[in-house]
Amino acid sequence: MSLPALARIALCAAVLLVTMALPVRAADREALLTQPGVFGTFAVFQMDHDWWDLPGEARVIAVAEVKGLVEQFSRTIVVESYLMRGLSDHADLMFRVHAHALSDTQQFLASLQGTRFGRHLVATSYLHGVTKPAVYAPGFPEDLKQALQGPGDAGTKSYAIVMPIRKDAEWWALDHASRGTLMQEHTKAALPYINTVKRKLYHSSGLDDFDFITYFETDKLEEFHGLIRALEQVKEYRHDRRFGHPTLLGTIRPLDDILELFAR
Amino acid sequence: MSLPALARIALCAAVLLVTMALPVRAADREALLTQPGVFGTFAVFQMDHDWWDLPGEARVIAVAEVKGLVEQFSRTIVVESYLMRGLSDHADLMFRVHAHALSDTQQFLASLQGTRFGRHLVATSYLHGVTKPAVYAPGFPEDLKQALQGPGDAGTKSYAIVMPIRKDAEWWALDHASRGTLMQEHTKAALPYINTVKRKLYHSSGLDDFDFITYFETDKLEEFHGLIRALEQVKEYRHDRRFGHPTLLGTIRPLDDILELFAR
Amino acid sequence: MSLPALARIALCAAVLLVTMALPVRAADREALLTQPGVFGTFAVFQMDHDWWDLPGEARVIAVAEVKGLVEQFSRTIVVESYLMRGLSDHADLMFRVHAHALSDTQQFLASLQGTRFGRHLVATSYLHGVTKPAVYAPGFPEDLKQALQGPGDAGTKSYAIVMPIRKDAEWWALDHASRGTLMQEHTKAALPYINTVKRKLYHSSGLDDFDFITYFETDKLEEFHGLIRALEQVKEYRHDRRFGHPTLLGTIRPLDDILELFAR
Amino acid sequence: MSLPALARIALCAAVLLVTMALPVRAADREALLTQPGVFGTFAVFQMDHDWWDLPGEARVIAVAEVKGLVEQFSRTIVVESYLMRGLSDHADLMFRVHAHALSDTQQFLASLQGTRFGRHLVATSYLHGVTKPAVYAPGFPEDLKQALQGPGDAGTKSYAIVMPIRKDAEWWALDHASRGTLMQEHTKAALPYINTVKRKLYHSSGLDDFDFITYFETDKLEEFHGLIRALEQVKEYRHDRRFGHPTLLGTIRPLDDILELFAR
Amino acid sequence: MSLPALARIALCAAVLLVTMALPVRAADREALLTQPGVFGTFAVFQMDHDWWDLPGEARVIAVAEVKGLVEQFSRTIVVESYLMRGLSDHADLMFRVHAHALSDTQQFLASLQGTRFGRHLVATSYLHGVTKPAVYAPGFPEDLKQALQGPGDAGTKSYAIVMPIRKDAEWWALDHASRGTLMQEHTKAALPYINTVKRKLYHSSGLDDFDFITYFETDKLEEFHGLIRALEQVKEYRHDRRFGHPTLLGTIRPLDDILELFAR
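Protein chains in written order, with the working numbering: chain A, 1450 to 1713; chain B, 1450 to 1713; chain C, 1450 to 1713; chain D, 1450 to 1713; chain E, 1450 to 1713.
So that you can see chain A by itself, here it is in the shape it has in the complex:
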């Protein structure tokens, strides 16, 4: 049987698999994306050079396998995909995976690396964190609390930025109240950007070499830049022993779009 024929069959199989998959329960997806106690993993990959030496049909088959795999894992984890190529060096694509257990995430990523597509991926960084209820917000004054509960912009965004942070020992030596006061100044500085930049915080001490992973989504990169500038000017910033390194910048893209880019 010819390779193009095989490719077509593989694609059909992938479509079938998607169709037959148990419907992902929206409630679970919502829980994984919003609740505390969920593990978030940022997995950044670079495509090796051999990939492009594969014949087109082989690449189409390889890519279909990945779609099937993501579907197969959709009952336990939520996978979001990002195109990094053209914006971040040493990075072509990134997955953000949310799971109740990191062993589920590992199973997905190890399976991915075992696919014909994944064998050409070089894992350049893995960042892990866990979501928690807001730590300092409960102690904030009422007006600040209310301001934080504004509607925000619920729509889909174009850009995503990941910035890991490591605090210095002095930060952790401060008592909770002192840290709260500094975080209040930090939060006020960020308020003007609440409608244009979405933020999500992951706690990562012990899970990787950082203390926090900050994840941002925005349509307006200039506003995001303004937010970071504002945050650099508050006292809490002096306690960031490491801020970025890496700074990961990409665009939010459906997995199909990204895979197509590597299949063609």
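Since the hints were derived computationally from the structure, they do not count as laboratory data.
No incorrect hints appear here.
Just so you know, same-sequence chains aren't split out, so a pair can sit in one copy or run between any two.
Calculated cross-link-like contacts (lysine to aspartate or glutamate; reagent style EDC-like; alpha-carbon spacing at most 16 Å): (1) 1684 / 1617; (2) 1649 / 1666; (3) 1684 / 1619; (4) 1581 / 1671; (5) 1669 / 1553; (6) 1516 / 1709; (7) 1581 / 1672.
Please arrange chains B, C, D and E on chain A, whose structure you already have, making use of the hints.
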């Protein structure tokens, strides 16, 4: 059909494409290169070793594809090219791309990396920044303002240097007026070089691991060296946690010249 | 003879070898895992890309050879295996080896790298330490000592984390009593996690670029994260010149499971 | 035509080229090596592993091409060659190039990398500096000035060492007189070595990530070591934020000797 | 002629070469290993992956060539060999070379890299130092001097450890007497280990990026670890800006054993 014949056809096609392209509106180009709110990207690439194993004709075809691509994107972005080979390690060529949106820049660079030429490029660094109106100059005394508005040297320059900068936390903790005073000293120190070294500043906090990207053009590298020495001697320099690393030095070259170097 | 036939014979041979091996004396294993004066090595490996180009049968044979090797060394060393792929970058698998002499460990690891499987392994980090009787605990108050001797959770855990530590010169310049006081605060902070996170300490000054290797096992990564957060908040943490870098996170897996993943 | 025959022709061609080249004017060479305002480049290369897979004849031809190239450029630049292999890691050979313009240096090095020999060279570091009249010596006391003008040892030396230096911000914040006083102490400490170690200083702020490149030649490495030890003990050394990294150690060798080593 | 036949001839040739070599004069070897003014080089190599793709006979021939080379140089240099594989990452074997001139060492190592074996070696670090008479010991009190002249353990040891050190500027700014007092404390702390750990000091300022290379041999790694712990607790340790990085740990092995490991 023989490969040389194919190569000739490819070149003709590229020429046609250029001829047929909507004329790039000069006004837009001017706006992208001079106005605030524009995103600038410095993309540095190294050619892999396999490139040179391709037959000459394949390299000619691959190079023609790049020319076509740059033309195709010329309605949304401005691309300038630099030869780094022989002056900067781990760098063979650099593009400076100006765009109203980084997603346009990404589309171009990801497309470039997808070409037969681009598959042999290793992206060694990506730096991003946004242009802004002068931050401290409005507060400068009148005579300094006037000195800054001298004619400068409008001609084309030979050399380009890119130096990213990261400020320390103390810098950002200073109030605007104190930073203005320090920047006034900085600006005065740079005045003697205003006619021999052109400068352009990009703000990059949050977009990469730096706070600023400084871009220089000059015909007289000794003057440029003198400028940097002068800037190292003002108090503001103490707040540069990182200055360079990488320092990117190259020559400004038409894209055709650079591509020809890799085609032959 | 066909390769699949060879593979089957190799597997039989491996099984035979295991069957014929002198029984590993449980007492020795216990001693190596619990007594002071034992050397522990953490060897992290990444699989190269050529591995996946081998035909399936060749991989099956290669993997069988590793099983035989581990069995063969089981009289002098204890080898435990971890799957890092999908959780740690630049790491696919890790071995923890306990031995009375590092020369035994070297013999095993050098033999491993000489196998058909091992020739595809890239050694990304080697950490070595020696176990010792508790240094500061004898000086702790009675109630703390008793709390430390609680039953703990003896069961098998899912996750393992390795964090190397380098102390600053100030730490070592403190006298024993001062360090004891700081370690007492450290130990109290860790007490709430004694039942969910198992810890083991290796002393490594001189054996690698660190002073200590801390090894953790847990089923509850959130608890482990809580433990590290608690430890970041005590005064002793200020003396950690390096903490992690690398932080190695993986899952505890039987060797057979890991090898199967690379054989299929 | 057989390859050995081709090789012989290539060698003849190279010899002819040398013979026909306009005689390099000694005055220009002298000027480039001694006058201020000249750019010095240190280009360090490592040979890739594929080079050794080329048949011997191909290597002979490739090497002849390099000789021709150096001759061709001898009217605008001065090229000196060093064997680093066996003394510096990640370095096999180094060129020191002196030119009135770095664009000439770039043309040579880019042409070199385009040769069949150069395609196998990996550029591991490029350092650039410019020569200047002595900055502090004019303010030194007369006896020190006279001591500095001793005859030195004019002969050819065996070893060359390159050490780049980056000063801290405090150094540049000192006024000229204070720096002069510190440099006087530095100069006196170096005096005992004036006859055994030759030094040359390049100013590099802005041209690479350093402020200075110090270049040494000696026959007695122990004396050179003594000089560096003496310089580490003066107050000016406290302002060296970076000293070495890389320290490049090699032997001064005629280009023919080095090329022969890679041809055989 | 078949390859195995060639291999046998190569081995005979190597044996002949050894037999015919002028006898290495023991006095010279003794002088190189014990006298001041001798240069010591630590050359660490990693075997590339292509090596293992060579047929067994080719590897046997390649290895025989190395034995011949070491013999050939035995009149000017002393070469000792270490197996690093299985104990140090990015290192498979190490040579310690003693010579009156580094140019002799370079000739040997460059020749080695030119052999069929050496073409597969990647030089991962080169450290150089020179031996000197004891610097501070002459000023020590008599009882300490006598204690240092104890018999030591003259026997062959199993393990070797190399730790390079870079002192901070404050150290070098101290006067000789102050440094002597600190070194006296250092020496006393090391006394208890004088019979179990052999030490040798090389001075390297200017020859590489370090100030000293400390070389240790021991049979008891736990004692060696105790020595390093003791040295971390004296005041002099505060002046070690860099201590290790890399720490090189291996076993002392006859060259034949190491070569056999790579030949089989």
